[in-house]
Amino acid sequence: MKKETNNNIALNFNTDWKYAPAPESTDHIKLKKKYDLFINGKFVAPVKGKYFETTNPATEGKIADIAEGTKEDVDIAVKAARNAYENVWSKMPAKERAKYIYRIARMIQERAREFSVIESMDGGKAIRESRDVDVPLAASHFFYYAGWADKLEYAFPGKKPKPLGVAGQIIPWNFPMLMAAWKIAPALATGNTVVLKPAETTPLTALKLAEIFQEAGLPDGVVNIVTGAAATGAAIVNHPGIDKVAFTGSTDVGKIIQKALAGTNKKYTLELGGKAANIIFEDAPIDQAVEGIVNGIFFNQGHVCCAGSRLFVQEGVADMVIRKLKDRMETLIVGDPLDKNTDIGAINSKEQLKKIESLVQIGINEGGDYYQTSCSIPSKGYWFRPTIFSGVSQSSRIVQEEIFGPVLAIQTFRTTDEVVEKANNTAYGLSAGVWTDKGSKIFKVTSQLRAGVIWANTYNKFDPTSPFGGYKESGVGREGGLHGLSPYLKMN
Amino acid sequence: MTTASPASIREAIGSIQSPAIDQVGVEERVARFTKRSIKKDSKMLALKLALSMVDLTTLEAKDTPGKVRQLCSKAMRPHDSADVPSVAAVCVYANLVKVAKDALKGSNVKVAAVATAFPSGMTTRNIKIEETKWAVGEGADEIDMVISRGHFLRGEYAYVFDEIAEIKEACGQAHLKVILETGELNTYDNVRKASDIAMHAGADFIKTSTGKIQPAATLPVTLVMLEAIRDYYYQTGKMIGMKPAGGIATAKLAIQYLIAVRETLGAAWLNPDMFRFGASALANDLLMQIIKQKTGVYQSIDYFSKD
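Listed in order, the protein sequences are those of chains Y and L. Residues are numbered in the working numbering as their position in the first sequence, beginning at 1, plus a constant of 77. Residues are numbered in the working numbering as their position in the second sequence, beginning at 1, plus a constant of 207.
Since the hints were derived computationally from the structure, they do not count as laboratory data. Please read these numbers as outputs of a predicted model, since none were measured by experiment. Mixed in with the good hints, there may be bad ones.
What the hints assert, rightly or not - Residues from chain Y that face chain L, not an exhaustive set, calculated with beta carbons under 8 Å:
1. N91
2. W94
3. Y96
4. Q365
5. N534
By construction, the Cβ of each residue, glycine as well, lies at the ideal position given by its N, Cα and C atoms.
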């Protein structure tokens, strides 16, 4: 059933009626000029006295100086965490631990607006997303895991779950606040203490979270935040006082960590890259699937490990889907992350922008059919227009490699077997999407896909009750839900 | 039953393959429209645009020539302020078309008449055709017909198609708006199918509701219809208009509808030839907001004429 579409007819989205700027106010936020390390319940200067800048990727302007934690600082932080673990946190009745976690969740909700604005300033993501997704979800993770704190024996019947000790946690720059919540909430609920390193380009919301820990009266040393870059992360991974490593980030770094941990007693979870297949069958709800493609690849500027970056469309509807996708892309607003109408914010860093640009150039050189929206972008800051490549093949580098930007590679397929084979033909296996109006087809296809998270007739939906994690080079272990408890526990 | 339609029309019905509609996805997309923030100049433009798209409507058995004349006066000059546009049309029962036509003489405001045993459509096809011809003869520029929901829900799509095609023929030069009465169609899949049938059968506009059944117009239903219009345009190059009617009483909601139009169909549909609001209370709220934008303060509702 080939869907007819006449390509001489075009819609014009360049209307006289423009949306006037609607920037979210920044008057209500409180930021310091300089942030120290958060160790043992206090903000303390780094031993070596070094600081680096965190900037706003939408303006390239400096926001604050951030302490650069070294081996020495990590050592102090791990000792503080150990002390808090042995003398306070592991001794405290579980229901008391839960009260702290609930309190943190409530305080995040109370200050949601402030956190959303800071998240958008520091990381470049659209306020619509930080306000509606990141911050509310971060609060829900604390709420959810608070509930488990005194019910661990029911979570694992017949076993006696015990905490591991000190967890070293390293989080990425794409969802700074949400990833901090993903890591800290289950660690605290299971009775562990934490040394967390936020990404160097987005440390602010984690440091603001430290202020909440202080206000919530969380005992000193239970959560320590050591800011810095790769060397700081390595110091955490390699510190002998760490019992468990939780890392979210690139597959390359994940492999380095896995090597470093080989032969040690440290438990670990790695949540790494992805190159997800988003599969549109002919019988799919087409207009909603197009929206799903947009949410899959353009959500958070495509800085999403589970982004639907490989689109597979069944032949009969391919022309129609691509045409509709292009029309929809024309209505996406790229610009000031703090504007409430912005759909796509700034690329997180200059480095990431260069990486996206170089991979897109490779895609063009490989001969893919390239299309980019005509939207205007600000002159300052790091930006990339929503981009699609059709007519690419499995051997194209833009089909194989994670771009981590708003760039979609489109292929067509005829049969279910063919698309399953292509979808699985990747080193990654984090997520996938399937679009069809037939329930039976959903089950048939999803059971053959080797991916940790699979969405049917939707994409990029997250919930604290649902486990998340990858197959193959997309990682080890699961976070979220009941499954997210066990990496922080030993069972006797 | 009237005579069967020509083979070519039968063929057309066969080619209508409405895509599946996912309810959750439609409602999520609508949520994005409602989160757009429209301020300042952008808001002023939208308010005036919305006002120019209103079909001022009175469809009550107790309607009088006097009431219709008042409505027409409001339609031509909604407010004493010079830069406020007139509305698009006045919508009445066919027996009051002449009164309206007379009152609107010399203006650009159109007269729309509801026909085909509005609002239920529960009569024979011949009577519907006769009523349509009568309304057109009285001077109606536009005919708002209702589809036979009973036949549609029984799956008798060809009956619905033929009826629309025959009413279209009876309209002559008058524009035909086809009311789907989405509040009785139960699913978005049905709304989509009815939209496709109406467009293929000759509708110039598709319209959500009579205003007599709840729910009347909603944003998700309107989005489904706008997407049907888009697909029809992609296939044929023909531009079909859209009219949500009933339940749109506030300027804020009207602007959300305009956002849906802007982001689904674009510039060519953002005018009264292609998009209308079937409403009565909406005009005054739009006026109130326009004055508020100009002066910075809300005026008492008593300063706006209720016609």
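Now the hints, each set against the structure:
1. N91: holds (6 Å)
2. W94: Status holds, d = 5 Å.
3. Y96: holds (5 Å)
4. Q365: holds (3 Å)
5. N534: Interface hint status for N534 of chain Y: holds (5 Å vs cutoff 8 Å).
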